[in-house]
Amino acid sequence: MGLGMRVVNQDLLEPRPPPVDRRSVAQRIVKSYFGSPASAFATILIVAVLAWAGWSFLNWSLLNATFPDATGSSSACRRANGGACWAVVADKFRLIIFGVYPHAQHWRPACMMALFLVMYFLSTRPSMWNWKLPAAWVAAITASACLMWGGFAGLPFVPDDQWGGLPITMILATLGLATGFPLAILLALARNSRRHPVGKALAVAYIELTRSVPLLALLFLASLMIPLFMPAGWDIPKLFRVLVAFTLVTAAYLAEVIRGGLLSIPRGQYEAAEALGLSRWTTTTRVVLPQALVAVLPAIVNVLIAFFKATSIVLIVGIFDLMTAAKRAAADSQWQGFGTEIYLFVAAIYFAFCFVMSVYSNRLHARLRAQGKQ
Amino acid sequence: MRWRQPALQAAAFAALAAVVVLLFGLTSASLSSRGVQSGFAFLGQPAATPVTDSPIAFVPGTSTYARALLAGAANTMKLSVAAIVLATILGLLCGIGALSDNALVKRLSNTYVEVMRNVPVLLHVVLWYGLILELPAVGDASSTLGMLATNRGVFFPTVSWSGGLHVAYPVVDGLEVVGGLSVSPEFAALLLGIGLYTGAFIAEIVRAAVLSVDTGQWEAANSLALSHATTLRRVILPQAMRVALPPISSEYLGIFKNSTLAVAVGFQDFMAVGNNLFTDTGQVLEVMGLVMIFYAAVSLVVSALMHVVESRSRRWGSG
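Residue numbers (our numbering), protein chains in the order written: chain A, 1 to 374; chain B, 1 to 319.
A couple of the hints might just be wrong.
[Said to hold, decoys possible] Computed Cβ-Cβ distance ranges for the label pairs, DEER-style: (1) B:Ala66 x A:Pro156: 47 to 55 Å; (2) B:Leu305 x A:Ile236: 34 to 42 Å; (3) A:Trp107 x B:Leu145: 53 to 61 Å; (4) B:Pro50 x A:Arg280: 55 to 63 Å; (5) B:Met147 x A:Phe355: 31 to 39 Å; (6) A:Trp107 x B:Gly44: 56 to 64 Å; (7) B:Leu305 x A:Pro156: 56 to 64 Å; (8) B:Ala220 x A:Gly277: 51 to 59 Å; (9) B:Ser250 x A:Leu186: 19 to 27 Å; (10) A:Arg6 x B:Ala225: 36 to 44 Å; (11) B:Ala225 x A:Phe355: 35 to 43 Å; (12) B:Gly39 x A:Ser264: 46 to 54 Å; (13) B:Phe13 x A:Gly277: 29 to 37 Å.
Worth flagging that the hints you see were computed from the coordinates, not collected in a lab.
C-beta: ideal position from N, C-alpha, C; glycine also.
Build the full structure now, drawing on both the sequences and the hints.
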């Protein structure tokens with residue numbers, strides 16, 4: 001063993017398996033739930049509170065609850081004292097989901113919602129992320145409009161002030177985002193431009209002002225002031241006014257998101273496009289925007305989730321959406337006092353939509369990061 | 001052709017200005033044809049609708065509309081500050097809990113965040129309002145720990161120091177409750193709804209901020225034998241909070257803007273008073289202008305402040 005001796009491995013070492021967790025199940029539980037005094041205290045406290053709260057909730061919602069019976073009246077609920085009354089949900093189901101749409105025509109909003117759900121699913125397929133998606137959406141929206149309004153081929157005409165419930169929520173959220181999207185791209189490009197200071201200043205002013213004012217104020221503004229802009233006699237339907245307000249607001253929020261995407265494009269892309277002799281328009285539409293939009297797709301889905309929830313605010317301006325339907329169902333004097341069950345049911349509907357969208361957003365984010373696009 | 005760009009921009013600006021002037025002209029003609037006055041003279045006239053619950057004293061019938069707006073603004077600030085405190089406490093607890101070693105705490109924090117975030121804030125407020133209105137009536141309420149929870153509000157004992165420690169307990173007197181600090185059902189519903197909703201978002205921000213701190217910091221603290229709590233408090237959170245401050249400040253602005261939901265439950269905040277105002281006077285443009293200036297001014301000032309703080313912290317580094 002002299003100073004000149006070196007040990008060099010001649011063959012490749014096999015990777016060893018990860019260390020085995022030799023703790024027993026009991027040891028793992030103790031480590032996880034009672035690892036330190038504070039942890040043990042927290043576990044005991046939470047278990048105690050959850051047990052009490054969970055038992056009370058179970059008692060109220062299932063054990064003492066009154067389930068829908070054949071009569072469809074509130075007498076069974078009134079007789080039972082204290083439990084939940086799920087009969088009110090069964091009775092008000094159609095009002096909550098379809099609003100005051102004529103009862104025999106409920107298949108039309110149902111088809112419209114199914115069409116929208118199919119379109120949501122198609123929008124998540126990367127194979128559709130080109131000209132096909134806007135074309136498909138235009139076709140779907142036109143078909144939905146024809147279906148909801150009717151007035152041809154034997155379908156009775158239903159004016160839009162009789163539409164209500166979940167279809168209105170989906171229409172407001174989807175159309176608000178769809179029409180706000182092109183405007184948002186324009187605003188983001190304007191705010192990012194270096195050659196058009198006037199456009200940039202206008203875009204900055206519009207975006208900052210729209211984002212600092214509450215949505216409710218803008219809804220009031222739109223629903224009260226748009227009729228003042230129009231010459232007397234032009235009657236703009238309230239749904240359309242609210243849709244205009246939603247378009248303007250989603251454009252401002254989406255513009256900020258898209259601007260983040262634009263800022264993430266490296267200068268090299270612009271320089272390469274210039275070296276290839278591409279015009280500014282071609283650079284923007286073929287090189288910059290596709291990359292920017294894909295990079296911020298999860299953030300765009302988050303904006304959709306936020307606006308899907310924000311549509312509930314139209315309750316205050318008098319549009320009959322899902323939230324208004326819930327309030328109106330809860331205000332029925334026959335079912336007085338059982339509003340909580342209705343609101344919990346509507347909360348479950350909102351939760352279902354928003355949770356699925358947020359799971360999709362997280363998966364998309366993980367997939368884009370794995371592909372190196374984020 | 002050097003003049004082409006400025007000329008195009010000037011033309012676009014002129015077109016936009018023409019559209020604005022046209023809209024203004026149409027609106028003025030429309031308003032005057034409906035007999036609606038213009039100008040801000042209505043601010044000096046007495047207001048009929050009461051503004052309850054406000055720190056600024058308001059007498060309906062004699063106090064002016066301007067005072068009503070001030071009272072509404074005070075209510076907005078009261079609600080916003082209270083909701084900000086609640087949301088921050090909840091957000092910090094759940095954000096740190098989501099990273100805990102205790103599986104129960106972690107799962108509870110994550111469930112709270114997911115459930116609260118996916119339901120609209122208006123539905124939160126309406127749910128809490130419904131629950132609070134189902135509390136027992138004043139005559140049937142029994143006090144626990146000095147607090148009275150009734151369907152006309154929650155009443156807390158107040159502690160005052162004058163000569164000795166005086167505790168004023170709320171006492172039922174017929175159909176009223178005398179003494180103590182009262183929280184109206186509307187305020188409580190708004191506070192709980194907005195506070196719990198925004199707390200979930202702040203929890204996510206705190207969680208992301210703590211995760212963004214370099215793992216080397218945790219390892220260094222571990223090698224110095226600092227406990228988990230001390231590491232969080234002394235090493236991680238100061239660094240994480242610097243990263244979290246801009247998103248949290250925009251959540252605070254969100255609370256400020258969401259306070260306008262008071263219109264839905266009948267709490268007289270600035271927006272609700274403005275609503276009463278333009279229902280009474282019909283002067284939509286002036287009142288909505290005032291409302292938008294109020295909210296925009298506060299939001300823009302806070303955003304500018306946050307911009308300054310952020311650029312200063314970036315200049316001096318995150319160390």
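- Return holds or violated for the Cβ distance of Pro50 (chain B) and Arg280 (chain A) against the range 55 to 63 Å. 60 Å, holds
- Message: Is 34 to 42 Å respected by the C-beta to C-beta distance linking Leu305 (chain B) and Ile236 (chain A)?
- Response: Distance hint for Leu305 (chain B), Ile236 (chain A) holds at roughly 40 Å.
- Task: Kindly confirm whether 31 to 39 Å is satisfied by the beta carbon distance between Met147 (chain B) and Phe355 (chain A).
- Result: For Met147 (chain B) and Phe355 (chain A) the Cβ distance comes to about 35 Å; the hint holds.
- Message: Can you tell me whether the CB distance of Trp107 (chain A) to Leu145 (chain B) sits inside 53 to 61 Å?
- Response: Given range 53 to 61 Å: holds, Cβ gap about 56 Å.
- Message: Just to be sure I understand the hint, the distance between the Cβ atoms of Phe13 (chain B) and Gly277 (chain A) should be within 29 to 37 Å; is that true here?
- Response: 32 Å, holds
- Distance restraint evaluation - Ala225 (chain B), Phe355 (chain A), Cβ atoms, bounds 35 to 43 Å: Cβ of Ala225 (chain B) to Cβ of Phe355 (chain A): about 42 Å, so the range 35 to 43 Å holds.
- Item | Leu305 (chain B) paired with Pro156 (chain A), Cβ distance criterion 56 to 64 Å | Distance hint for Leu305 (chain B), Pro156 (chain A) holds at roughly 57 Å.
- Message: Tell me if the beta carbons of Trp107 (chain A) and Gly44 (chain B) are separated by a distance inside 56 to 64 Å.
- Response: Taking Cβ atoms as reference, Trp107 (chain A) and Gly44 (chain B) lie about 58 Å apart, which means the hint holds.
- Task: Go ahead and decide if the range 19 to 27 Å is satisfied by the Cβ distance of Ser250 (chain B) to Leu186 (chain A).
- Result: 24 Å, holds
- Task: Starting from the hint 47 to 55 Å, judge whether the C-beta atoms of Ala66 (chain B) and Pro156 (chain A) obey it.
- Result: 52 Å, holds
- Message: Is 51 to 59 Å respected by the C-beta to C-beta distance linking Ala220 (chain B) and Gly277 (chain A)?
- Response: 53 Å, holds
- Query: Is the distance from the Cβ of Gly39 (chain B) to the Cβ of Ser264 (chain A) consistent with 46 to 54 Å?
  - Reply: Since Gly39 (chain B) and Ser264 (chain A) have Cβ atoms about 49 Å apart, the given range 46 to 54 Å holds.
Checked against the numbered hints given earlier, the structure satisfies every one of them.
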